Amino acid sequence: MESVRYEAPRELSAAIELLDSVEGARVLAGGTDLLIQLRAALIQPSLLVDLKWIPELTAVSLDEEGLSLGAAVSCAELREHKQIERLFPGLYESAELIGSEQIQGRASVGGNLCNASPAADTVPALLATGARCVVAGPGGTRTLPCERFATGPGETILGRGELLVSIQIPKPAPGTADCYLRLIPRTEMDIAVVGAAVSVTLDASGSCTDARVAQGAVGPTASLVPDAAAALVGGVPDVGRLEAAARAAAGASRPIDDKRGTVRYRRKVTGVLTRRAAEIAIERARQRTR
Amino acid sequence: MAKGQKKFRSVGTRPIRHDGIDKVTGRANYGADFALPGMLWGGVLRSPHAHARVLGIDASKALEIEGVKAVITSADLPVIEAGDGPTNFWDLSRNILARDKVLYHGHAVAAVAATTAVIAARALERVEVEYEVLPQVQDVMEAMSPDAPLLHEDMFTKGLDPKPEHPSNVARRMEIARGDLENGFAQANVVVEREFTTRSVHQGYIEPHAVVARTGEDGQVVVWCSSQGHFMVRQYCATVLGLDTSQIKVIPAEIGGGFGGKTTVYLEPLAILLSQRSGRPVKIVMSREEEFRATGPAPGSRIRAKLGARNDGTLTACEAQLYFEAGAFPGSPVMAACMTMLAPYTVENLSLVGYDVCVNKPKTAAYRAPGAPIGSFAIETLIDELAEMLGIDPVDLRLHNAAHEGSQAPYGPKFRRIGYRETLETARAHPQYRTPLERNQGRGVASGFWFNAGMQSSAAVNVNEDGTVQVVSPNPDIGGSRVSLALMAAEELGIDVERVRPVVADTETIGYSDLTGGSRVTFATGMAVVEAARKVIEQLRERAAKIWGIDVSQVEWNEGYALPGQGNGEHDPLSLAEIATSASRTGGTICGNVSLNARGAAPGFATHICDVEVDPETGRVEILRYAAVQDVGKAIHPSYVEGQMQGGVAQGIGWALNEELVYDEDGVLENPGFLDYRIPVASDLPMIDTILVEVANPTHPYGVRGVGEVPIVPPLAAVANAIYAATGVRMRDLPISPPRLVDALDGKHSG
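In order, the protein sequences belong to chains A and B. For the first sequence, my numbering begins at 72 and goes up steadily by one. For the second sequence, my numbering begins at -6 and goes up steadily by one.
Calculated directly from the structure, the hints in this document are not laboratory data. From a predicted model like this one, the values you see are computed outputs, not experimental measurements. Yeah, the Cβ is synthetic: ideal placement off N, Cα and C, and Gly gets one too. Mixed in with the good hints there might be a few duds.
Per the computed footprint, the stretches of chain A lying under chain B, defined by three or more beta-carbons under 8 Å from a beta-carbon of chain B, are [stated by the list, open to error]:
no.	stretch
1	259 to 268
2	331 to 338
Taking lysine-lysine pairs in the BS3-like style, the calculated list, with each CA pair at most 30 Å apart, reads [stated by the list, open to error]:
no.	chain 1	residue 1	chain 2	residue 2
3	B	Lys299	B	Lys151
4	A	Lys330	B	Lys741
5	B	Lys94	A	Lys330
6	B	Lys0	B	Lys741
7	B	Lys407	B	Lys151
8	A	Lys153	A	Lys123
If the Cβ cut is set under 8 Å, some of the chain A residues that face chain B in the computed set are [unchecked claim]:
no.	residue
9	Ile155
10	Leu168
11	Pro256
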């Protein structure tokens, strides 16, 4: 490995300045993707900008508006917030799936989003919650829906000098719950072959008033499936609605054949996991409407 | 304890291994841990093509880089003959550095040594190789077709009569036959005939190959490396480099897993040659990617097998053709597969034909009971099918046909005392066999066999001046052999095992020994240790006789003490420590050295029960329960016998469910890492129950049989049979990965 300059700015503006001015600069949060790419000589950055000393990127706040999650907050720290588990069990379980205890101490949800792997576990879960990204750069700050952040495998909307500051998740309506499921051949230390996240809102009668369905590892980016969500909304979710949502999700998937699975398999399992995630999210929501 | 068995004080106990604390605290030195002052870093340039002619190599630009001290290619290796022994050195030399042709993606072409690893990596990029890319072949059946690209244009299939006129990728045809096949199948009431395929799998040891080599001004070479046999490393390096054996000393490091994959050399000759050229010590460590691309997989295979039985369950005939991928050079374990697949059964009429076929993949290396899991997968699946067709319990069907003392093994000899029936009876009585199953759950049974080896071993037992004892072993300890050898020495001498310190000696301090493989060390080196300890006891008795002034024949050795026989006067017993302390005054150091060629290795049999639950929508298979029953002869250290059994089962389950090397259409490996080469992780497996059946091997002082290889043989079929029981779908192609199982389940429902 060639030598690399390292900076750990204390202020957001300083980080932006470094990223904007130095050719070949890369950000370092947990480093769980970056270090692997470095060791495999896939990248040769001239500068690493460590973001973990910048207050905006390490803050977690939960209020009437919802959750604000700094982009460099580790999965382990996220897991310390029991309130997050209560409000967003799907997001929580997606973060809990990533790596071992040690990896979770480093890996961040923000980094998972920025790495833009189609198979990232937390991204479908974020999409299902309606999360938005706060991006800062030389031109100022902008906010956009998480589903628009990644544009392809390893590619995001971030321009030169820009970085992800935080993720904003609106406070869920009463009777809302979510779930994330993934398929891996093993039980651990693996990468999603299919990921599915579902968030539902039930009213007092048990009727579904709102839903968001997302999928991962079955297209160039994680994506929302509005048709699957629509299938769930408008009545008490029964077998017919669940099957319709599963069919819509499978139909919307755009998987590839590779060493981890076939198109046929991934499409089928997308439907299966969407249905199962919906069943769990509905059950969780029911518990909340009681 | 079985009736009539001797009561032991050390053998059969479970002390903490002597090397355990260093290993769990990280203090133990493995292959990559060693370093020397002034050391250079080596790297290997590997072929980007699966098959190509090497037209030229120009290293001049690499040598121009500051810090690059040496570059070597096959032109720096002597051209050597194949030799008469079991190892073909012509092939070995060409696997270490390609000569004329590269035969697989990742085949080593050149090696460099430089002052830093970064400079070495940069130098590799500057070595220019001109290739003429050739058509390549990956699949064993395609490689056999007459118009397949030839890996070795001068290779003619051996074992054919008349000798073939055209060269072929088929290195050899082998056959085991007895009885009358036609008559055998005519006697059968039911016959099943099926095809099976398995994919290349890797041994998956965690520690990569690593070496440091130093050459002195006098030409003497010292090598530090992790291997399954440092005498093997010495012999192979001396032969490939044209050196005298006495010019090379190999010092063994701890070994972080081998499973057969470290029974050959890849890096050591390169490091020696680079150290000779540079005059500096050279270190080379393989990356995980290099391990997967260029080191020994176990073969992919195709098998067609046919098995017949009478209505009462008697197996009447078996016919099979086995096609194994040898990789780039001949030498797949297809013959071992033929010899082992029917060994548990007394089938009178059989014809088993094996083909050893070269393909453009790395040369296969040994992997735990080489060949046996693949052949058994086919036979044990067919037996499960027959059992169902005949309405006979699968364990009972096996019992009905079980090999026993006096029955003739398919590969020739008559079995002496073996414990196969005992494993079946124990399995049938195991509570798991009667545990109720729920929806989507199923139970599978399979058996397995492995020969186990004897071969050459040396050992020394040295008594220290305070009465502690060194046991000197020539074998790298990969499964707890150090403590097992110490236990046997302690048993013989009658002292506590804590007073015995086992060490693994280098090639200059103990006599030649064959490598750690074939489940042979506790058996064969154990025999040498027992004999050496007995020599020590002779000397201890002589010293006591001298002290007491009586004839040695009148001195008994009992539980660590010399005792005078009746009528030899009043003498207090002398302990081993007391005799050792005065040894300098009674004749000098007390030690025993033994070298032997161990005969009488006894085969091992196992029967496994596997319970699975299948998720029919996703094809995921969960192993619910697993019981492994094995005839282990005598467990010297039961914990490490159990550990061997659990490890073999874990690897077998991985082979059955998820492990496969995936090559693309250009012959490039797509999953050269543990993320996508899926060995089971701890949470994938239940606690694997182990049941030790002890049917003593009559030729070993303590009844030892090899134990390390048998346990990987049954799991492939045990898992597949359990999946069938859970789903009604027969999976005859491994691995039974979720996409494949879903396809098969969907096929069943639509068909």
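Evaluation of the provided hints:
no. : hint                : result
1   : 259 to 268          : holds (count 5)
2   : 331 to 338          : holds (count 5)
3   : B:Lys299 / B:Lys151 : holds (25 Å)
4   : A:Lys330 / B:Lys741 : holds (24 Å)
5   : B:Lys94 / A:Lys330  : holds (29 Å)
6   : B:Lys0 / B:Lys741   : violated (57 Å)
7   : B:Lys407 / B:Lys151 : holds (28 Å)
8   : A:Lys153 / A:Lys123 : holds (22 Å)
9   : Ile155              : violated (25 Å)
10  : Leu168              : violated (12 Å)
11  : Pro256              : holds (5 Å)
Comparing the model with each earlier hint shows violations of hints 6, 9, 10; every other hint is respected.
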